[in-house]
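Student: Protein chains in written order, with this note's numbering: chain A, 1 to 260; chain B, 1 to 286.
The hints are simulated quantities; they were obtained by calculation from the structure and are not laboratory data. All figures in this text were calculated on a predicted structure; none of them were measured in a lab. Here a beta-carbon is modelled for each residue, glycine too, at the ideal position from N, C-alpha and C. The reader is advised that the hints may include incorrect statements.
[As the list claims (entries may be wrong)] Computed, partial: chain A to chain B, Cβ under 7 Å:
#	residue
1	Gly53
2	Pro82
3	Arg124
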Amino acid sequence: MSDFTPTEMMTIAAARELSNDDVCFVGIGAPSAACNVARLTHAPDITLIYESGTVGTKPDVLPLSIGDGELCDTALFTVSVPEMFRYWLQGGRITTGFLGGAQIDRFANLNTTVVGPYDHPKVRLPGGGGAPEIASNCGRIFITMALSKRGFVEKLPFITSMGHGEGGDHRERLGMKTKGPTRVITDLCILEPDPGTKELTVVSIHPGVTREQIVENCGWAIRFAGEVIETPAPTELELNTLRDINARTKKAHQGDKEAA
Amino acid sequence: MAKIVSLAEAVGDNVRDGDIVAMEGFTHLIPYAAGHEVIRQGRKDLYLVRMTPDILYDQLIGVGAARGMKFSWGGNPGVGSLHRFRDAVENQWPRPLEIEEHSHAAMANAYEAGAANLPFATLRGYIGADLPKVNPNIKSVTCPFTGEVLAAVPAIRPDVTIIHAQRADRKGNVLIEGIVGVQKEAVLAARRSIVTVEEIVDELNPPSPNSLVLPSWAITAVAHVPGGAFPSYAHGYYPRSNAFYIGWDEIARDRDSFTAWIKQNVLDAKPDDFAKHAGKPAVKAA
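Chain A with its partners taken away, still in its complex shape (with noise of 0.2 Å):
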């Protein structure tokens, strides 16, 4: 299969990284996607979780909202917020956390925050929700986001959720016990943290993308591992999967115009 789009490949590729055993704390959108896939394709024991409560959801259509009735419809069952995040998420008992941002900086910190000062913000964006919880209780944490210059930036305006903080032993040295984030997949390309200085480097290439437009499309002076890989291109069936939901998805949430 060799048509597909970058962010068909990036969603197909975060999907990869998903197996059954996982117990998954979900984001809404290129997160939510991902994880459906996995469970559409290798792995249908998957457990996902919304933050809304619903804990083992299959959703037939991919929510709008973390709250959307499909979630509750499908779920194995429904815990309220509190519970949601004081038993399931602080308890320990969630082994991998999807998020995105509109922000990332070098060691996987993310801002979903304000762009600019935060009393007088160029931007307001929604804020953290869930995230600064997830990132540091969950297992570990896998980041889907397109690459660009003003998503991959060399110093974030603020950290909502932390990654590998400073790098090194950063998480260690503030008593975190999970990995945090492990991947960050990107439309162009996948990232994995250094061993040692946590730094986010380059492991694989999507097929027909070059390290120039990586470098390119990357705030900072992106690195490069020792040794690069090419992604596999997506199977038909991961790829017939993916636009089967989207299809799907769409109909239904654009289904009661009249409602407008």
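Using the hints, position chain B against chain A.
Tutor: Positioned in the frame of chain A, the structure of chain B alone reads:
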């Protein structure tokens, strides 16, 4: 004991200028009709509290009813920004908005502390994050047993909490099903509470799995407002209008189109107008 009254009476008796007001609902069961009644009755200087202020709080902020807001995620879920909220924070229109920002985990814990009549909540939170630098209400405590340093936030104690639910019986006991969010904690943390419901029935039974009952004696007022959560939804009664949420982006982007929308759909409307949304069948996945 909850009084069963009209929505106008419930808001008139229980929501006062300057109040700390929580209108909760985690995507599901958002009390839109009650929020619109607050706007129609001209309440001002409200301090709004909510984990996920979405379109309803965008509307209250846009009409200038709010002096401040405590929140943890202020966006239009799956769509993008809340333009009236942004206009207030970025340009002080129609008035400046004082904000106190938290994470979801902290807000959920703070409501629980309020419900439990404790002064503060503690959590393993905000590690390495910048919010504690800009919010003086995020502090820390040291565990007296292990020495671990934990985050601490003050309990939330609203003057009034407003929620929407599926059913009440004639005594005012309320049943909630589906995604229950933080509604129980928000009601129990508040001094006064209003619950709008889809139906008033003789018997709540049989409650379904996952259902939640708030007893009459823990609630101040119950009002029958079918469709009162639209464009949010009431599980088992009608679905969320995702198209409305998508459409709101354009309406709210512009001050004039927002103001015209409020006049037509809130100021010149009444609670009964929500009833037209009540009868829609809830669409279930095949």
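Student: Each hint needs a verdict: does it hold in this structure or not?
Tutor: Status of the hints after comparison with the structure:
The beta carbon of Gly53(A) comes within 6 Å of a beta carbon in chain B, closer than 7 Å, and the hint placing it at the interface holds. With a cut of 7 Å, the hint placing Pro82(A) at the interface with chain B holds, because the nearest CB-to-CB distance is about 4 Å. For Arg124(A), the suggested interface contact is upheld, since its CB lies about 5 Å from the closest CB of chain B, less than 7 Å.
Of the hints listed earlier, there is not a single one the structure fails to meet.
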